[in-house]
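J.: Chains as they are written, first to last, in the numbering used here: chain A, 6 to 294; chain B, 6 to 294.
Keep in mind that the hints are not guaranteed to be accurate.
Here are the simulated lysine to any residue pairs, SDA-like style, with alpha carbons at most 20 Å apart [what the hints assert, rightly or not]:
1. A/Lys109 with B/Pro93
2. B/Lys109 with A/Met95
3. B/Lys260 with B/Leu170
4. A/Lys51 with A/Tyr12
5. B/Lys109 with A/Lys51
6. A/Lys109 with B/Glu113
7. A/Lys109 with B/Ala162
8. B/Lys109 with A/Pro93
9. B/Lys10 with B/Cys27
10. B/Lys260 with B/Ser228
11. B/Lys109 with A/Glu113
12. B/Lys104 with B/Lys10
13. A/Lys109 with B/Lys109
14. A/Lys109 with B/Met95
From the structure, some residues in chain A lie toward chain B, with a derived Cβ separation under 8 Å [said to hold, decoys possible]:
15. Ala22
16. Ala23
17. Glu25
18. Cys27
19. Leu161
20. Gly165
21. Ala166
Output of the computed footprint for chain A on chain B, the stretches with three or more beta carbons under 8 Å from beta carbons of chain A [what the hints assert, rightly or not]:
22. 42-54
23. 87-96
24. 105-116
25. 143-149
26. 154-166
No wet-lab data here; the hints were simulated from the structure. Even for Gly, the Cβ is constructed at its ideal location relative to N, Cα and C.
Number of protein chains: 2
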Amino acid sequence: MFDLKHYMDEKRVRVNAALENCLPNENEPPALLHQAMRYSVLAGGKRLRPILVIASAEAFGGSTDDALTPATAVECLHTYSLIHDDLPAMDDDDLRRGKPTLHKAFGEANAILAGDSLLTLAFELLAGAAEAARLTGELARAAGSRGLAGGQFEDLASEGALPELEALIRIHSRKTGCLLSAACRMGAITAGAGDAEIESVSLYGAKIGLAFQIVDDILNATSTTQALGKATGSDADRKKMSYVALTGIDAARNKARTLLDEAISEIEKTPGSITPLVALAHYIADRTS
Amino acid sequence: MFDLKHYMDEKRVRVNAALENCLPNENEPPALLHQAMRYSVLAGGKRLRPILVIASAEAFGGSTDDALTPATAVECLHTYSLIHDDLPAMDDDDLRRGKPTLHKAFGEANAILAGDSLLTLAFELLAGAAEAARLTGELARAAGSRGLAGGQFEDLASEGALPELEALIRIHSRKTGCLLSAACRMGAITAGAGDAEIESVSLYGAKIGLAFQIVDDILNATSTTQALGKATGSDADRKKMSYVALTGIDAARNKARTLLDEAISEIEKTPGSITPLVALAHYIADRTS
Chain A
6 MFDLKHYMDE KRVRVNAALE NCLPNENEPP ALLHQAMRYS VLAGGKRLRP
56 ILVIASAEAF GGSTDDALTP ATAVECLHTY SLIHDDLPAM DDDDLRRGKP
106 TLHKAFGEAN AILAGDSLLT LAFELLAGAA EAARLTGELA RAAGSRGLAG
156 GQFEDLASEG ALPELEALIR IHSRKTGCLL SAACRMGAIT AGAGDAEIES
206 VSLYGAKIGL AFQIVDDILN ATSTTQALGK ATGSDADRKK MSYVALTGID
256 AARNKARTLL DEAISEIEKT PGSITPLVAL AHYIADRTS
Chain B
6 MFDLKHYMDE KRVRVNAALE NCLPNENEPP ALLHQAMRYS VLAGGKRLRP
56 ILVIASAEAF GGSTDDALTP ATAVECLHTY SLIHDDLPAM DDDDLRRGKP
106 TLHKAFGEAN AILAGDSLLT LAFELLAGAA EAARLTGELA RAAGSRGLAG
156 GQFEDLASEG ALPELEALIR IHSRKTGCLL SAACRMGAIT AGAGDAEIES
206 VSLYGAKIGL AFQIVDDILN ATSTTQALGK ATGSDADRKK MSYVALTGID
256 AARNKARTLL DEAISEIEKT PGSITPLVAL AHYIADRTS
């Protein structure tokens, strides 16, 4: 019986140590900027994306050691996106991972610059990795105007608009699916996997990414601020499109379940050691926080 | 007699065509985000940084063709830094290159995301270049918390503080010197130059970068908004540290001249074809807009 909690705890320790190590020291000038970067990156978090990089590498014979650099790069990039999404001009959120958002704690200019610096650091880290060019291309395509940043743009633009399921799925896919898919691809590339395997983990990542975001919408509608460590009910307050608002809770739960099944079918096609990836997919679809 | 104006015009045509080509089409969704990216990148500008990439490549036997990808990456990164520096939470500027700043024209959230997308695009472009890993490392180090973003942070933190010449030189070096230096290094790397040559163009770039910023301070204190296409007198209004405020106009002019001489001595050490680089250094130190 595979123990996912133990697996995640073990990988999280490695990821946190690598993040601690790759971030500039909090005393190095400009000290306040480096403290801001560390405040957000080292605030905890599930480390789902870096663990997906590692699990995807291990599935095809790669090692945690080799996957750590792309794993930390993906987490730095993810943290930048959270910092900028929380800004007053964007989602204007006050709480993240149970603590004040970065702009609340360090001011808006520092939050913008700390986000910029983390985005840049992600690529600086990849420059030192094996397969640097390929990994850089993967992460940049996932993060840019055709991926993460474009999804956030469309999300903001959709506030108060008439909801359309197709548009919502596109936004969710860009905001979450692109980076989860890239995390899986990057892990597989690190392990030297073939094109068919890379394509399978890519689709797996995209599907669990969409499932993740639908579960996020469900939790936003049903959970408490205390349980999530960030504001809840905010989608409805802001008239943001959400899967729950469009289809209701039950259909949203069914959709997440279908995506989970499809994601697992996708990686079952590969000859890899996929037990952790299957468990991670269940974890994402069944999570309560 | 070398005709710098002709040289710059010729390279600028190539750079502008490459930028036009690498930016997402303005009709591609999210269209407004892509229009915002294009508004800022294609607003004109001297294209000094990409021309430095090309001139540094040519100095060591490289071609304009080979240098175009790193050149466009550097300009995308430079444009991101201008967009974010102009934001209300940062320098809060309304004019840039004679047009409304991006957040004035497209709103603050779009300006943040267009900047993020251009920073990301810079690395996506480098991923497709020869020497991708090295170029990515150079650009990321120049742009991160120890370079450009750190310099902007310290610049904001210094507003209203007691002026110190050493701190000002550090800020100017980070805000401008790092990226100009990286532009020169990246060109030389593209051309396959040796370590000694790369080090020489690196120092050349750092020195003309500092000269550029001192001339900026002089122009800010002495020129008009109409001549510069951006607000003038704003350093004094904001009690920002400026070289002029610390040393007076004459000493600032002398310092820019000394840096110019040092930059030229530096590249004269190399066996390269340095005529365009020498002319560019003069152009920077003598510019009036």
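J.: Check whether three or more residues of the region 42-54 of chain B sit with their beta carbon closer than 8 Å to a beta carbon of chain A.
T.: violated (count 1)
J.: For a C-alpha distance cap of 20 Å, please report whether lysine 109 of chain A and lysine 109 of chain B respect it.
T.: 24 Å, violated
J.: For the hint on leucine 161 of chain A, just tell me whether its beta-carbon gets within less than 8 Å of chain B.
T.: Nearest chain B Cβ about 5 Å off; hint holds.
J.: Given the hinted pair lysine 109 of chain B and methionine 95 of chain A, is their alpha-carbon gap at most 20 Å?
T.: The given pair, whose Cα atoms are some 16 Å apart, holds under the 20 Å limit.
J.: Counting residues of the region 105-116 of chain B that have a beta-carbon nearer than 8 Å to any beta-carbon of chain A, does the count reach 3?
T.: holds (count 4)
J.: Is it true that the CA of lysine 260 of chain B sits at most 20 Å from the CA of serine 228 of chain B?
T.: 19 Å, holds
J.: Do three or more residues of the region 154-166 of chain B come closer than 8 Å to chain A, measuring C-beta to C-beta?
T.: holds (count 7)
J.: Does cysteine 27 of chain B lie within 20 Å of lysine 10 of chain B when you go C-alpha to C-alpha?
T.: 25 Å, violated
J.: For the pair we were handed, lysine 109 of chain A and methionine 95 of chain B, check the Cα-Cα distance against 20 Å.
T.: Satisfied, since the Cα-Cα distance of roughly 16 Å is no more than 20 Å.
J.: Would the stated hint for cysteine 27 of chain A survive a check requiring a Cβ distance to chain B of less than 8 Å?
T.: 12 Å, violated
J.: At a threshold of 8 Å, is the proposed contact between alanine 166 of chain A and chain B supported by beta-carbon distances?
T.: 13 Å, violated
J.: Checking one constraint from the list: CA of lysine 109 of chain B to CA of lysine 51 of chain A, max 20 Å. Satisfied?
T.: Judged against 20 Å, a Cα distance of about 38 Å means the pair is violated.
Consistency note: the structure conflicts with the earlier hints numbered 5, 9, 12, 13, 15, 16, 17, 18, 20, 21 and 22.
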